[in-house]
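Undergrad: Chains A, B, C and D supply the protein sequences, listed in that same order. The first sequence runs 58 to 542 under our numbering. The second sequence runs 58 to 542 under our numbering. The third sequence runs 17 to 468 under our numbering. The fourth sequence runs 17 to 468 under our numbering.
Any given hint might turn out to be false.
As the list claims (entries may be wrong) - In silico EDC-like cross-links for lysine to aspartate or glutamate, where the CA-CA straight-line distance does not exceed 16 Å: (1) D:LYS440 with D:GLU423; (2) C:LYS304 with C:ASP140; (3) C:LYS191 with B:ASP204; (4) D:LYS53 with A:GLU358; (5) C:LYS303 with B:GLU170; (6) B:LYS252 with B:ASP286; (7) A:LYS354 with A:GLU237; (8) D:LYS57 with A:ASP204; (9) C:LYS57 with B:GLU397; (10) D:LYS342 with A:GLU237; (11) C:LYS51 with B:GLU445; (12) D:LYS412 with D:GLU386; (13) C:LYS468 with C:ASP435; (14) D:LYS57 with A:GLU163; (15) D:LYS191 with A:GLU237; (16) C:LYS77 with B:GLU155; (17) D:LYS77 with A:GLU358; (18) B:LYS114 with C:GLU325; (19) A:LYS93 with D:GLU368; (20) A:LYS156 with D:GLU368.
Calculated directly from the structure, the hints in this document are not laboratory data. This one's a predicted model, so the numbers in the text were calculated from it and none came from an experiment.
These are the residues of each chain, in order.
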Amino acid sequence: MLIFEHSASGRKTKIQSTSGNEMPTDIPASLLRDEKPGLPEVSEMQAVRHYTSLSQKNFSIDTHFYPLGSCTMKHNPRVCNSLAMLPGFLSRHPLAPEKLSQGFMECMYELQEMLCDVTGMAGFSLAPMAGAQGEFAGIAMIRAYHDANGDTERKEILVPDAAHGTNPATATMCGYTVKEISTLANGDVDIDVLKEAVGPQTAGLMLTNPSTLGVFERRIEEIAKIIHDVGGLLYYDGANLNAILGKIRPGDMGFDVIHSNLHKTFSTPHGGGGPGSGAIGVAERLKPFMPMPGVKKIGNEFQWLTEEDCPHSIGRMSAFFGNPGVLLRAYIYMRLLGAEGMQRVGEFATLNANYMMAQLKARGFEAAIPDRYASHEFIITLKKQAKELNVSAMDFAKRLLDLGYHAPTTYFPLLVPECLLIEPTESEAKEMLDGFVEALVQVQQEAETDADMLHNAPYTMPVNRLDEVRAAKQLDLAWSAESKA
Amino acid sequence: MLIFEHSASGRKTKIQSTSGNEMPTDIPASLLRDEKPGLPEVSEMQAVRHYTSLSQKNFSIDTHFYPLGSCTMKHNPRVCNSLAMLPGFLSRHPLAPEKLSQGFMECMYELQEMLCDVTGMAGFSLAPMAGAQGEFAGIAMIRAYHDANGDTERKEILVPDAAHGTNPATATMCGYTVKEISTLANGDVDIDVLKEAVGPQTAGLMLTNPSTLGVFERRIEEIAKIIHDVGGLLYYDGANLNAILGKIRPGDMGFDVIHSNLHKTFSTPHGGGGPGSGAIGVAERLKPFMPMPGVKKIGNEFQWLTEEDCPHSIGRMSAFFGNPGVLLRAYIYMRLLGAEGMQRVGEFATLNANYMMAQLKARGFEAAIPDRYASHEFIITLKKQAKELNVSAMDFAKRLLDLGYHAPTTYFPLLVPECLLIEPTESEAKEMLDGFVEALVQVQQEAETDADMLHNAPYTMPVNRLDEVRAAKQLDLAWSAESKA
Amino acid sequence: MPFVPHTEEEINEMLSVIGIDSIDNLFDEIPAHLKIKGLEKVPAGLNEMSINRLMQQRAAKDGQPLCFIGAGSYDHHIPAAVWQITTRGEYYTAYTPYQAEASQGTLQLTYEFQSMMTALTGMDASNASLYDGATAMAEAVLMAVRSNRKSKSRKILVPRSVNPTYKHVTETIVKHQNIELVDVEIDSTTSKASMDALKAFSGEDITAVVISQPNFFGTLEDVDAITTWAHENNIVVIAVVNPLSLAILKPPGIWGDNGADIAVGDGQPLGAPMSSGGPYYGIMTCKKAFVRQMPGRIVGRTVDQEGREGFVLTLQAREQHIRRSKATSNICTNQGLVVTASTIHMSLLGPEGLKQTALSCHSNTQKLVEKLSAIDGVEIVFDQPRFHEAVIKINKSAADVLAKLAEQNILGGLDLSADYPEMKDCILVCATELRIAEDIEIFATALAAALK
Amino acid sequence: MPFVPHTEEEINEMLSVIGIDSIDNLFDEIPAHLKIKGLEKVPAGLNEMSINRLMQQRAAKDGQPLCFIGAGSYDHHIPAAVWQITTRGEYYTAYTPYQAEASQGTLQLTYEFQSMMTALTGMDASNASLYDGATAMAEAVLMAVRSNRKSKSRKILVPRSVNPTYKHVTETIVKHQNIELVDVEIDSTTSKASMDALKAFSGEDITAVVISQPNFFGTLEDVDAITTWAHENNIVVIAVVNPLSLAILKPPGIWGDNGADIAVGDGQPLGAPMSSGGPYYGIMTCKKAFVRQMPGRIVGRTVDQEGREGFVLTLQAREQHIRRSKATSNICTNQGLVVTASTIHMSLLGPEGLKQTALSCHSNTQKLVEKLSAIDGVEIVFDQPRFHEAVIKINKSAADVLAKLAEQNILGGLDLSADYPEMKDCILVCATELRIAEDIEIFATALAAALK
Ligand SMILES: Cc1ncc(COP(=O)(O)O)c(C=O)c1O
Ligand SMILES: Cc1ncc(COP(=O)(O)O)c(C=O)c1O
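Construct the complete structure from the given sequences, taking the supplied hints into account.
TA: So this is what it looks like as structure tokens:
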């Protein structure tokens, strides 16, 4: 039942009853609204009950194992939430003067510094509001860099075919054409193809390492050299930073610019789809191009970066300063972990993934890249099941929901057929990993004995399989009094 | 699965890691523990997940209609929670000096004053921590009053047979014997029996008005006179105050001492069983007997009551000051409602109950007291169904759970067979009342067509009907590593 | 009409179903002269924004002084997860789990809580909470009286080292039942219950003895000796304990020959904020033989019709709603939500976290004692093995000095002279894990200045 | 190891299943010289109690000044229920609802959100959010360029009365695609977009025009006239609105002849705290014909195999994960949690509550304007119909005066001269419903003193 269906005309909560104000007479009637907007009219109790009950229809980290590959669904410590929501932080106006912002700015400055340290970059900007915006900032900086060098004929961004969709989409938004580089069966970039592809038109290469295939790009230094040799820059998509946190650093591998999804590696909540942060780190030569704003420390005082600090800044990415509430959570998380805790992240995320991969292989599942260690995630391909039993990765995914597990990422990366990309994260205990393995084994058995049953899964959710085709064809994007699904 | 079953020896959250302290050498070994206590060893994520998931196994006001008669399960405004938990309130030590307590004491003082106003009493003490403790304080005051008057031969407390169990239990704790007074079919106290019962041995009468039968005691003034004429005092069990809030006042009816369940009438949360508050109000002559502590106002300053203010105080009821966190919530609720809002409480609680009773009667259900208006609650008796269809009130109650409604109070008051005591409260909307009526009608139809099915209900809960006999016989009150249900 | 959802239209429909013209008709049975016109001392209602402003001002008024008072309420760190989960609507707005199948959340949690309490105390069974530590002691006394069939005296020995307010509350509650609380002297150099004073009662008909560990002064009592002595004399042993201390101290279940019989205490140190004194909760655990005399709710594990594990309220025949005037206690509503918090708190800390906390409290208090005793005019009164509280004696008026400290936003401890006239200018101090070296320094500096 | 649950025993079991000796083996493929020894600028980890103390100090440092700045971030009351429910783990720790059946909570809520947005704006469709108002404007420009097939120029008219930062951000984002943002002058007496300046473009190939209602100065634009003019000239109309104002102002869907084509704005006023600038969220709504050019997630209602209503992400073929380099935008993660808060916020306030809030803001600002204009040395610059923001001009240096006010913990408004050099010593002020008479008095008094 929709909140609108609890509505009755004239019902109010009175939460905001500020003594019967009348419509103003100082605004011409032609600029005023004459019908009240069709928002729900419910009591506080109805709203609370509706949204409390609705929440129970979600799987979430706090209720379920959520091994969504590429998304790093690790535990979100509760203290990060409560401290980021201290009234002093919530009530700070973004345009408050520096003098009344030192507490906040100190956190942001230290966050920049810590991010530099864990990534090996020379500077960090916290401005971008998600990974994709970080990518935008990064590619825009690459472009600004070439432009500043008068190097205006570089029109191409290279992207491996395993890359996340935001990579090519970003390159396009930045006015580049995209050239895809193919991947070898062992998960590495095809260096021969890459060598073919580079040239004076190459603005840069976007790379995720470990890649979305769940393996470490071993020839990364060679790749960096190839790109740098033709004058291109190397962009690091930091979505998978969790795999190597505290072990190795993108800066040391030769990357010029990187983004870090703080909502992944640094545990800010995913919030049902966001907000996130795509903080962006740069090598020394890209510092003048960093987006605004940023924080610097002069003596014991924190100040906003000015145009003098970043004379070639690509500009502002948001009305104010990105997503500070997210940044605070990441800051708190990093301080909780500390240097030592951070190193363990990469180690245990990797241990968990490899343990699960080993168990699943032992139980007959096919790993997409069977002969290498996984990074913090790995891929199972169900192409055999699809062919022989007529059950798809989607069927597996849906059935897992019935068994109390959120499905892994399905059908990504695109180059592995019928794939499940599984990322357990370091915060899961062995018992949970074992449970998930048993669940997959059970679904496999069901696939063998009753494939039809799987086609209609799930059975225990509030709804069973939904008609996506109808959703796209008979568009119903907003409620109206008459409408009914 | 129990939290203990997620435990692994040596697993820690590190939330409280305060640098490897060693066992102290300044305490003799004979006073120290040598085995670590068998508490669960889990990660923060496991604990969060466990208790989040567990919570979803509860019905609650925030998720379901909860018409538990006598319990006033009204909406608990969320702002009462957040403001009562302001750090300034949470971090106040109970023994902080008055100077550093004026903010808190002002709230408590005003709460006392408002409670006096809505109940018509001369003084109020916030000390008792639940209704039952309020009753204790009240009866102890009655005893102290008689004692102070040298009136030591009053050994009896009168209690109607419809009374809540805490009433007689309290009288016993206060050293009284209990005499039950019977109730007429129309719900009124049998005045003839009462007249017979009173005498010089009568210390007082405990009365709930409206009674637990859901009707107003019309001859309350006559009753008061009967009690007062023999030198007894009249105690008001305020559990049902919601019914008359803002309309009439116990003080005006002639009660000498009352308790108010702030967790009912004033909407402090029920918390899965508490905490509550049984704040207690007294007529002028009982003021010297009030429990400690309490707050007074001298000029613009708030001070603790001293022995001079209550020279015959029955003493302290708790280590400090009752349940201040609960008191703050009640205070905030009262300030939100204000005088006008408070009057509406009684009106709409009563409207809702009478509307449901009318609807249920129209659909063939038998009201226990069919010819009178209900107060804020009313009773349906299923004795016909029990006899003719062999389904009990308990069967109805359990089946309602399947239909998404918490059951009303069952088998209370004891004198109505197979009863459901239904209290919707003022905060429920008509649509919910209608839904509940339809659910009862559905269960009635099921009772007629498939009684057996009802005997095994519920079907959609995490467990179905539980074996209470086994629970009491094969006592299993604490987990141990070997045990299994 | 805050929190009343009715629209005009709905009201009219409802009235017509009832068959009346106005809501007032529903109150027709009430004598007209009893109806009030309005309320006088209740101000007009506020909206949320205004109540916010008001309460924020009130809360701010009391500052957040640096707290070195303990005396039954302790300033501990509570993990953020605790109250975030506890205030989830499903816990916060449910009631006593009368409908077990729709209340498995609260019931299972309570069962887990009982299990944690028995683990901490070393006892066999726990109930689901009482109001607070003081009333738990009172209920324990009543329970001892009911249980100790061999004793007729209804005399309870209460050493003066037991929290005096606990004794006061117990007195309030048990006095109507001809029960006598008998003072037992303390050793004035150690603050411990005097073994000699106790032994004077050997052979007498005594129903129970109360032993507080640590005692009100923070001193550790000779619990083994007292327990063994008591049992030799047919005396029920009631332990009053700080549950946090049990992370490191010997649990009452194994004191002396055979352990305490009943162990009570206040659950506040396990997840409840100081909050002006409550809500906290009373712990009540006991030996198997005493279970059926316990007051309050008890949750038991059982199975459903399909053999699945489930939880229910059990042994209800003890309780007021069944047994009425013969119930073990009148308690009905308990402190469920705080128990919820506490259970989550204990899960998050685990045995190691609790131990670390207890040890930090202890070592901070020892540091505090060291710091303070170095000040001219300060003396440590009872130099005994202790847990996280200590008594200092100063050479000026304790009341004056504490008031002076309060002006500097420091709560310097509890003046003991009100309850112990012989302890003039003695102050009970406490430093929890939150009172780090920096805080102790501030206190010591301020105290030194005040004593100059 | 915070947040890593593994015990030694488990680690060993796991290693043996993998068939290796130590975790380090898993990193064998990585060139050894790339491995780092440790981190230098990351301090040692803190426990919860220590991070609490630290963050509380940091938060306290910035005070909580009395805020009279608006300029895109507004200090509104947010009902307590909003974030208490929003931070429930089920919302807080879920992700993009890729598995619809296990995400009906977030999906239905988002559908309700979309419905509320279309109701407020009077548009046909809404997406599930963009990053913020500024990027929403940028995306609207890109969308207009994709949609306006009749226009080739990629010229977008942006009156100077549009929030200058929004324009700046839009520039940052769209400039790589050969799109030109063309300044349009404002009328210097009214602050409104100059109709004359606009009309100068009549007949030219212009892709879109941006109209801000209210504009950056709080002034209400002639939205009907501009919309009608734009449509006559084949120009797509992009409305930038404050959603709260739409509780009382004419919705963009019915501006002029045919309504705006795309309406964007920042959702902050609907339940997001100021929080140093975010997270907020970008609103994006449009006419039916533009739906398939929308960026971002969109939720649609559909049915399951049994005909039950359910909700899914739809029109995904627009998005980067399907269309990759040809997607409508690169956005992936959006601002879901703030949308959750906002949806609950709007439900709690309802149309009447939102209206009352908007009216209070407006009347407080009018009172503020009245009070301030009575001060010697203060002048109201644009005396036009406005919504809840106004510009004052003072006879001293705005920067100095604002700094002086800040010392008294008052944020006295935004100095406009940085973005509008012609507006020397002009200050943009705002009083939301929270700035009650008492606050306005404090501000006025302090300003009067500063101007003496
Ligand atoms: C590999 C990779 N790159 C980039 C992104 C984009 O990040 P965001 O969703 O924060 O925009 C993602 C996120 O899903 C990703 O997995
Ligand atoms: C009529 C009546 N009296 C007294 C009580 C006891 O109140 P409490 O549970 O707060 O102790 C109740 C509560 O259930 C009740 O319904």
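Undergrad: Each hint should be assessed against the structure and marked as holding or not.
TA: We went through each hint and held it up to the structure:
1. D:LYS440 with D:GLU423: Cα-Cα ~22 Å, so violated.
2. C:LYS304 with C:ASP140: holds, 6 Å
3. C:LYS191 with B:ASP204: holds, 13 Å
4. D:LYS53 with A:GLU358: Given that 16 Å is the threshold and the Cα spacing comes to 31 Å, the pair is violated.
5. C:LYS303 with B:GLU170: violated, 45 Å
6. B:LYS252 with B:ASP286: holds, 11 Å
7. A:LYS354 with A:GLU237: violated, 42 Å
8. D:LYS57 with A:ASP204: violated, 33 Å
9. C:LYS57 with B:GLU397: holds, 12 Å
10. D:LYS342 with A:GLU237: holds, 13 Å
11. C:LYS51 with B:GLU445: violated, 44 Å
12. D:LYS412 with D:GLU386: Violated, at about 19 Å.
13. C:LYS468 with C:ASP435: Violated, at roughly 27 Å.
14. D:LYS57 with A:GLU163: holds, 14 Å
15. D:LYS191 with A:GLU237: violated, 24 Å
16. C:LYS77 with B:GLU155: holds, 12 Å
17. D:LYS77 with A:GLU358: holds, 13 Å
18. B:LYS114 with C:GLU325: holds, 14 Å
19. A:LYS93 with D:GLU368: holds, 8 Å
20. A:LYS156 with D:GLU368: Given that 16 Å is the threshold and the Cα spacing comes to 39 Å, the pair is violated.
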